[in-house]
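Number of protein chains: 2
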Amino acid sequence: MQNQKRVVIDKVLPQINCGDIYIKRVVNEIVAVEADVVVDGHDVIAASVLFKHENERKWTEQRMQLIDNDEWRASFTVEKQGFYSYKVQGWVDYALNWQHGIERKIDDDQRVISELLEGVTYLEPLLKNVSKEDKRYLETCIDLFQDEASYEKAIIEAKSERLHSIFTNHPEKHLVNESKELQVYVDRLKARFSTWYEFFPRSSSETEGQHGTFKDCERLLPRIQSMGFDTLYFPPVHPIGEVNRKGKNNTTEAKEGDVGSAWGIGSKHGGHKDIHPELGTINDFKRLVKKAKAHNIEIAMDYALQAAPDHPWVKDHPDWFKWRPDGTVQYAENPPKKYQDILPIYWESKDYKNLWKECLDILFHWIDCGINVFRVDNPHTKPYYFWNWIISEVKKKHPNVIFLAEAFTRPKVMHRLAKEGYTQSYTYFTWRNTKQEFIEYMTELTQTDASEYMRPNFWPNTPDINPYHLQGASEAMYLQRYALAATLSSNIGIYGPVFEQMIDQAIPGKEEYYMSEKFQICHYDWSEENKLTLLISKINAIRHEQEALQQTNNIKFCDIHNDNLIAFYKWNHDRTNELLIIISLDQYYPQHATVQLPLSDLKIEAGQRVQVSDLVTGSSYNWYDEWNYVELHPALPFHIFRINK
Amino acid sequence: MQNQKRVVIDKVLPQINCGDIYIKRVVNEIVAVEADVVVDGHDVIAASVLFKHENERKWTEQRMQLIDNDEWRASFTVEKQGFYSYKVQGWVDYALNWQHGIERKIDDDQRVISELLEGVTYLEPLLKNVSKEDKRYLETCIDLFQDEASYEKAIIEAKSERLHSIFTNHPEKHLVNESKELQVYVDRLKARFSTWYEFFPRSSSETEGQHGTFKDCERLLPRIQSMGFDTLYFPPVHPIGEVNRKGKNNTTEAKEGDVGSAWGIGSKHGGHKDIHPELGTINDFKRLVKKAKAHNIEIAMDYALQAAPDHPWVKDHPDWFKWRPDGTVQYAENPPKKYQDILPIYWESKDYKNLWKECLDILFHWIDCGINVFRVDNPHTKPYYFWNWIISEVKKKHPNVIFLAEAFTRPKVMHRLAKEGYTQSYTYFTWRNTKQEFIEYMTELTQTDASEYMRPNFWPNTPDINPYHLQGASEAMYLQRYALAATLSSNIGIYGPVFEQMIDQAIPGKEEYYMSEKFQICHYDWSEENKLTLLISKINAIRHEQEALQQTNNIKFCDIHNDNLIAFYKWNHDRTNELLIIISLDQYYPQHATVQLPLSDLKIEAGQRVQVSDLVTGSSYNWYDEWNYVELHPALPFHIFRINK
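If you're matching them up, the sequences are chains A and B in order.
With my numbering as the guide, the letters of the first sequence map in order to residues 1 to 645.
With my numbering as the guide, the letters of the second sequence map in order to residues 1 to 645.
Note that these hints are calculated values from the structure, not bench results.
A few of these clues could be false.
Same chains, same label: a pair holds when it works inside one copy or across any pair of copies.
Heads up, simulated DSS-like pairs for lysine-lysine below, C-alpha to C-alpha not over 25 Å straight-line [unchecked claim]:
hint, residue 1, residue 2
1, K357, K556
2, K293, K396
3, K531, K80
4, K190, K518
5, K412, K645
6, K87, K412
7, K412, K273
8, K397, K11
9, K105, K338
10, K353, K5
11, K87, K11
12, K173, K645
13, K248, K291
14, K338, K645
Given the structure is predicted, the values throughout are model-derived calculations rather than measurements.
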């Protein structure tokens, strides 16, 4: 026979995969917990959320409130990095139940002598728990309840608010039922709010044709900082393979002087723990990392688990690769495509324990050099359980570390990587163009379970993706794409020099850059300022000032009667910062429409004045109506309005 | 470090409460299983559903098909009563993966000597598993693959359909990942399709003022059978308490000759295992049960776990009741209401093991008398874990037993009882009136998780509920209510004599019958036939003929441009039986509109002829359009159309 816990707890939220997958938060965010809590019959019940940080032994209790339809709710704030556990408790509150019953009988003029005596049994156990003052009060009640002569006084105290409050604050929990323990992992703020800039350090030289170095990169730090970027992501900086090295434009035969793909890692100069000699030394790298920090910039490293044919691993650990019956090693291929400069790791290797250990050591090595952000190359081609393990091993020691999953692949695969522990994920933003597409995609990311475990990072372009809509596009299109990314998502990034300078030549019919920097050194005029760099800087500054842009999930699309205009309302956790953003999707013509203010969210009535201030131009407008006229021109195709009430 | 099972299985459906709650089916129904199955990288994977009946040791395997977006599906049929387990398996299919890769390379004119050699390693392990013929074929392939001289022949066989089919039928499963085991409980058909008739046996006498008996009830069986009812539900037939017996109209003082409430169970004549002497003997009851069976009618007993003050339990098992500090026993109350004729069971009794045993013995006692259907009174006032235990104990020995939960209470409580094992549930149908209400409620019951565990039973009235819309209503309203219940839900019931004869006098302002049969004997002219009895019989006959009406979940509402008309399409499992039902909700005026045929469900094009035959009137109409005119009159306010294509 079963236990006698009468209260049933069901549908505890947030909960992902029956609690097998933890949800994610950053420091000082709220976890709003909901659950169905029901009991048989009509007894009064109570429920609490219990939570504790992994380093704490004691649970903290937060009483839940009944909302409606047997649904209860309570919230708690996660103040520290690391894991928190939370669970829901429910119990029959016999004392409150007794008070509820006697109240109804007293109000019905029933004589409640026996009920008062019963009440004594709920008061007595509390004497040892309550304050001195409350104890005196309870003792008085106990006397009154047992003395028929003071019946009139007794029934007043039986119904008293004070007694109700003592019962509520000192619940005698009998036969408490508990939900499963669930977990939330808490990251530092950067997991949720980050602004990335990507360039190839080898293209950082001031002199055309010369291989850039980490020292050249130091020169660019003030510029990147002043533009408002806080994360500088470099493609791999390790020695580049010389065997089967790729030539310019991804040709199979490298010519003299061709630098090869930075992702073809490993040569006689070393592997994943080494620095490509032409970029500098490990000390140059450490110095750059340190200098970047002084500019409030973190260097993000590429973590690409694959090897060039001349990577030291191939000789030292042949078991980590797949060998074909003809005795050759298996290079990467996706027939008919061949990637002869890259050997994939053989994850089903019998020597996987040493392989995993080495993969972990690589991360520890760079963490020791000051790195706390890793952009992981193609994580979807490595086993999920491996990511689960390695991310968890790293974060146990280094909770500051952030992993961005570069998985441009099928939706369920991207979601699974996020569930295995990735801090951030690249997304399909790069290919979303129409208003309907943006609304659907943002709804999927922010209004479903995904919002609990997947943090999107929006990139208008990457070295791998020169999207069709940027090829031959006007400046307005670039402005739109950056404004969209930067206001829809709190994590964003650009492949910087190419984006700023609107370099868009593509391999015909493909979303690939012609003469891609992946296979050669490029030369940029790093001193160039243009409208794009100015507005990117301005938008980034606004993102730093406006909390509503430092998170992704608080978004609500507003009705606006024009398919070329998209409008949305964003707010911070306590709605002290509220924005209305309107972006034109038309790169050639002005567009106008009336936009609907979200009055109920703003807690205002139609007719009440609202001031909206454009944070880019400084213009202010007084609006009195629910629907308001807006007009955008390709010259400045967006409004970021601060709403002042 | 973790296992090396690369395939991840997620979102296995159907699945209720992470598998803690079993889903429900009846014999020969289908369980359609879906799951997300993903692997890292691009390897070819495979997935199966495995299922077995609780009496079987071996799993049966059904290969899943990839539908789209990494979602896989397979179905199995449950052929026997009892529990089945099911789970999803997924694995990398290295053999198929090899074939997929070599095909693409051969098509790209690559030379695949090494790949052929690799293929041999996938063929060899199969030799021991396959038929003689296939074995010879594989041996030929192995020879070809290793002989460069027969390269041209080898690459033809490497790509062959036959090899593909051998690989598919004899998967070498390595590192198989499995979902959690889930359970489905399979009932007999009646759990899904039943037609209930309720009357008080004490009102069955032909002579006014005389207490009816089981012998009188025998007389009524042919009538009930001919009307198409298969389940005859009696309020409690046990000795009725004499202490605090209720008088007519729920008065607290019974007068001489007052018969009391049948739910005030127990007196000097016995308790829950005994028969009220005025109804007859236990042998009379057994004879009635047997005779009913001969008329294809099952008697459903009331299972009401409570006691009159003079129930033998009160003396024999005082611990099963709650005693107040003043030494009196606690009667049922819901302040200010008092139910002095009923003592609730004290479920938190220390002697609960004996209490539970007795509760179970009561069920076994009546099952031994031929009863297989129990309508459980107020199950929501007893602990959920008790129901889980007792239903499971009964069904282990008597899988035919059906439990109907009489819980007219809050939604989550009703759902919880269904989750704990109830076969059927009373519903809110009794209070749903408008088209929008019906559509919303049916959507909740049939298009959400609830459809997996909760089987609704629709009652237009009960002795406890004389709904406002029936008070003073026309005959058309009664016809509408019965037609709605009987076509929306496959389980239905009426409180028969009162419904047929449109007895509707209520206690003013309440949904309670005036001079309720709950507290007195009523006299009916059981020979009466009227339009209602004729049409109820007709509808019941149609339900028996049309499989589409023998289930509840296959329903789709059709557009019909009139809020007083509701239209829906129903179908049986293989769509060999398709109905279009249209019901007017107006009891006074004719209503007309055009109704939209669900063309894509019917797999027909607009313009194609469809014949619809009214199963009540026999009229047929040929329809050629998607939208078709219909008109209903209060005289016959519904169409049940059979669709013939």
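Each hint, compared with the structure:
1. Proximity of K357 and K556 under a CA criterion of 25 Å is satisfied in neither setting, with 45 Å inside one chain copy and 57 Å between copies.
2. Taking the shortest Cα distances, K293 and K396 sit within 25 Å of each other inside one copy (23 Å), while across copies they are farther apart (68 Å).
3. In this assembly of identical chains, K531 and K80 lie within 25 Å of each other by CA distance neither inside one copy nor across copies; the values are 41 Å within and 73 Å between.
4. Proximity of K190 and K518 under a CA criterion of 25 Å is satisfied in neither setting, with 28 Å inside one chain copy and 68 Å between copies.
5. Taking the closest pair of Cα atoms, K412 and K645 never come within 25 Å of each other, the shortest separation being 42 Å inside a single copy and 41 Å across copies.
6. Taking the shortest alpha-carbon separations for K87 and K412, only the inter-copy value of 20 Å comes in at or below 25 Å, while the best intra-copy value is 28 Å.
7. With identical chains, the CA atoms of K412 and K273 are never at most 25 Å apart, being 32 Å at best within one copy and 57 Å at best between copies.
8. Within a single copy, K397 and K11 get their C-alpha atoms no closer than 33 Å, and across copies no closer than 32 Å, so neither meets the 25 Å cut-off.
9. Within a single copy, K105 and K338 get their C-alpha atoms only as close as 84 Å, which misses the 25 Å cut-off; across copies the closest is 10 Å, which meets it.
10. When the C-alpha separation of K353 and K5 is checked against a cutoff of 25 Å, the pair qualifies only between copies, where the shortest distance is 15 Å, while the shortest distance within a copy is 46 Å.
11. Proximity of K87 to K11 under the C-alpha cut-off of 25 Å is found in both arrangements, the shortest distances being 12 Å within a copy and 22 Å between copies.
12. In this homomeric assembly, K173 and K645 never come within 25 Å of each other (Cα to Cα): the closest approach is 46 Å inside a single copy and 64 Å across copies.
13. Taking identical chains as interchangeable, the C-alpha atoms of K248 and K291 are never at most 25 Å apart, the minima being 32 Å within one chain and 92 Å between chains.
14. In the homo-oligomer, the alpha carbons of K338 and K645 never lie at most 25 Å apart, since the shortest distance is 60 Å inside one protomer and 55 Å across protomers.
In summary, the structure is inconsistent with hints 1, 3, 4, 5, 7, 8, 12, 13, 14 from the numbered list given earlier, while agreeing with the others.
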